[in-house]
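> Residue numbers (the working numbering), protein chains in the order written: chain A, 1 to 315; chain B, 1 to 315.
Source of the hints: derived by calculation from the structure; they are not laboratory data. Treat each hint with caution, since some may be false.
Remember, identical chains collapse to one label, so a pair may be satisfied in a single copy or spanning two.
[Claimed, not checked] Straight-line distance between alpha carbons at most 25 Å, and here's what the computed BS3-like set of lysine-lysine pairs gives:
1) Lys105 <-> Lys266
2) Lys28 <-> Lys219
3) Lys28 <-> Lys241
4) Lys241 <-> Lys92
5) Lys92 <-> Lys28
6) Lys226 <-> Lys241
2 protein chains.
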Amino acid sequence: MISGVSEIYDAHARINSYIHNTPLIHSKEINKLCGCDIVFKADNLQKIGAFKARGACNAILSLDKTALDRGVITHSSGNHGAALSWAAQMKKISCIVVMPENASKVKIEAVKSYGGKIVFCEPTISAREMKVQELIDEYKYTFIHPFDDYSVIAGQGSIACELESQLQEPLDKLLIPVGGGGLISGISFFAKKNGGIASTIIGAEPETARDATDSFYSKTHVTDYKPMTIADGLRATLGVKNFEIILKNVDEFITATESEIIEAMKIIWSRLKVIVEPSSAVPLAVILNKPEYFKNERVGVILSGGNLDLEDLPW
Amino acid sequence: MISGVSEIYDAHARINSYIHNTPLIHSKEINKLCGCDIVFKADNLQKIGAFKARGACNAILSLDKTALDRGVITHSSGNHGAALSWAAQMKKISCIVVMPENASKVKIEAVKSYGGKIVFCEPTISAREMKVQELIDEYKYTFIHPFDDYSVIAGQGSIACELESQLQEPLDKLLIPVGGGGLISGISFFAKKNGGIASTIIGAEPETARDATDSFYSKTHVTDYKPMTIADGLRATLGVKNFEIILKNVDEFITATESEIIEAMKIIWSRLKVIVEPSSAVPLAVILNKPEYFKNERVGVILSGGNLDLEDLPW
Numbered sequence: 001m002i003s004g005v006s007e008i009y010d011a012h013a014r015i016n017s018y019i020h021n022t023p024l025i026h027s028k029e030i031n032k033l034c035g036c037d038i039v040f041k042a043d044n045l046q047k048i049g050a051f052k053a054r055g056a057c058n059a060i061l062s063l064d065k066t067a068l069d070r071g072v073i074t075h076s077s078g079n080h081g082a083a084l085s086w087a088a089q090m091k092k093i094s095c096i097v098v099m100p101e102n103a104s105k106v107k108i109e110a111v112k113s114y115g116g117k118i119v120f121c122e123p124t125i126s127a128r129e130m131k132v133q134e135l136i137d138e139y140k141y142t143f144i145h146p147f148d149d150y151s152v153i154a155g156q157g158s159i160a161c162e163l164e165s166q167l168q169e170p171l172d173k174l175l176i177p178v179g180g181g182g183l184i185s186g187i188s189f190f191a192k193k194n195g196g197i198a199s200t201i202i203g204a205e206p207e208t209a210r211d212a213t214d215s216f217y218s219k220t221h222v223t224d225y226k227p228m229t230i231a232d233g234l235r236a237t238l239g240v241k242n243f244e245i246i247l248k249n250v251d252e253f254i255t256a257t258e259s260e261i262i263e264a265m266k267i268i269w270s271r272l273k274v275i276v277e278p279s280s281a282v283p284l285a286v287i288l289n290k291p292e293y294f295k296n297e298r299v300g301v302i303l304s305g306g307n308l309d310l311e312d313l314p315w
Numbered sequence: 001m002i003s004g005v006s007e008i009y010d011a012h013a014r015i016n017s018y019i020h021n022t023p024l025i026h027s028k029e030i031n032k033l034c035g036c037d038i039v040f041k042a043d044n045l046q047k048i049g050a051f052k053a054r055g056a057c058n059a060i061l062s063l064d065k066t067a068l069d070r071g072v073i074t075h076s077s078g079n080h081g082a083a084l085s086w087a088a089q090m091k092k093i094s095c096i097v098v099m100p101e102n103a104s105k106v107k108i109e110a111v112k113s114y115g116g117k118i119v120f121c122e123p124t125i126s127a128r129e130m131k132v133q134e135l136i137d138e139y140k141y142t143f144i145h146p147f148d149d150y151s152v153i154a155g156q157g158s159i160a161c162e163l164e165s166q167l168q169e170p171l172d173k174l175l176i177p178v179g180g181g182g183l184i185s186g187i188s189f190f191a192k193k194n195g196g197i198a199s200t201i202i203g204a205e206p207e208t209a210r211d212a213t214d215s216f217y218s219k220t221h222v223t224d225y226k227p228m229t230i231a232d233g234l235r236a237t238l239g240v241k242n243f244e245i246i247l248k249n250v251d252e253f254i255t256a257t258e259s260e261i262i263e264a265m266k267i268i269w270s271r272l273k274v275i276v277e278p279s280s281a282v283p284l285a286v287i288l289n290k291p292e293y294f295k296n297e298r299v300g301v302i303l304s305g306g307n308l309d310l311e312d313l314p315w
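From just these sequences and the hints, can you work out the full model?
So this is what it looks like as structure tokens:
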């Protein structure tokens, strides 16, 4: 478990020289459109193009020599595979990424470009987990879960440390996209224990991948869920450790439809002039859809990543 | 004429509180790909999404009260129309933009969103100029040319002032996209008189809009030229004042093909995670096409703008 915010500060200090302290960006035009004052934390400009660099880096830098020497393994169809490959390359250790056969070409290329070794499996969760276990049994690799892991959670929480030093005063609301829950569990833990970044922490999910929303409001971990969303980074089902932290530290969840997500993504691209993947557009989609709820407030939005296939845009 | 670099420093001081001091960005992956160390000056993140905000702002802030009271007028199918509308709105004066009937919807919307009044004309240079003259004769508007104007040139040159304070040491080469020549005349004048930003100043043009390249090497102003390029910001023909400054201060010109420009644009989008319009990709296209010429050097690239129709991408 995470004992206190000091663990998140420690994670930040550990990874600080390897990652970017990403900028806060904003747009008067977007503020006018939404009727509130929005601060975007641009972690799409993070190493490997996503916040996942933080958690993967902290996880690897937290390993002892024996674990490092064995090399690391994970399963991922997305940014965590690239992030772990990148962090492993810096420490000169080997990294295996088990990916579904139907993973996107862009994600496969990313893992390869950072020196990760890919092992393909059938595109089901059970096939992934079996393949990982098989390889661990044979080669003793150290497993780094994409989100259900305290060192990964603490690493993602480092965004909150940066926000604390970047903000002049706490935000009224902070919106965080939710997939497996690594990002929101790290940030919300920090925010609630420390109180320095935002009064209200809100999880933002696609309406058609609302397992975390349902888990949160029913207080029962929904694990049997089939997501259907263009926000590919948010298709994962909430992790066990993540659910526990979220229940204690998140204030609410709000969802957005697919068309709202696409509209928000286009607004970010055309107004902020930065590339975000669909997952990163979910918080703005929530604001655009409920402007009266955010009226005149200072609202934070985490832009979680910017990796996508430019040949296959959702419009 | 521009008498000395002090005019460019003055322009920078005049506009400084209205514009962004845009960041330098870079990518290890792009450096690896090109075999050199590239610094991108991200003026696509400038107000109105293009460097044109600088020149328009300096031109308007340099007007006397009589000229201001009359309001301003320009002709533009691109970013200068939006930039002048934006600067006029800040000074609470009226701004007329004469645009061809076939101007893109995105550019029309941009002018409107900054409060500019659009007057449409037939899509020829002579129709534009006639319509502008007609309106000046009737209403006495103050004309601000998109590039063939010393206050505009000095304003665009303010990028060089920022580069000077952002760079630890001068660059080996600096690549600047060339349309009408406002940007490169301002920057090259500063670079040659002052010497603080780069040893070699290179104009980058599409192969199919190479009127400035031809003018430079023949030392004869090519004015009868039909450009055909996706880099819509570079379709203008070199201005008279611009040609004069370029002949004295630019070291060379290099061109890139349309497919090289599109490839470079995709690399910038996917690696730097920022939106640039095709014009901004021309310098990187030049580097990708002549890597041996830039090998191991420190190279600067001006990202001139990020305004384009996301529904109509060139791939």
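> All hints, please: hold or fail.
Hints and how they fare:
Taking the shortest alpha-carbon separations for lysine 105 and lysine 266, both the intra-copy value of 23 Å and the inter-copy value of 15 Å come in at or below 25 Å. Taking identical chains as interchangeable, the C-alpha atoms of lysine 28 and lysine 219 are never at most 25 Å apart, the minima being 39 Å within one chain and 45 Å between chains. Proximity of lysine 28 to lysine 241 under the C-alpha cut-off of 25 Å is found in neither arrangement, the shortest distances being 38 Å within a copy and 35 Å between copies. Taking identical chains as interchangeable, the C-alpha atoms of lysine 241 and lysine 92 are never at most 25 Å apart, the minima being 29 Å within one chain and 56 Å between chains.
Taking identical chains as interchangeable, the C-alpha atoms of lysine 92 and lysine 28 lie at most 25 Å apart only when they sit on different chains, with a minimum of 18 Å there against 44 Å within one chain. Taking the shortest Cα distances, lysine 226 and lysine 241 sit within 25 Å of each other inside one copy (20 Å), while across copies they are farther apart (64 Å).
In this structure, the hints that do not hold are numbers 2, 3, 4, in rising order.
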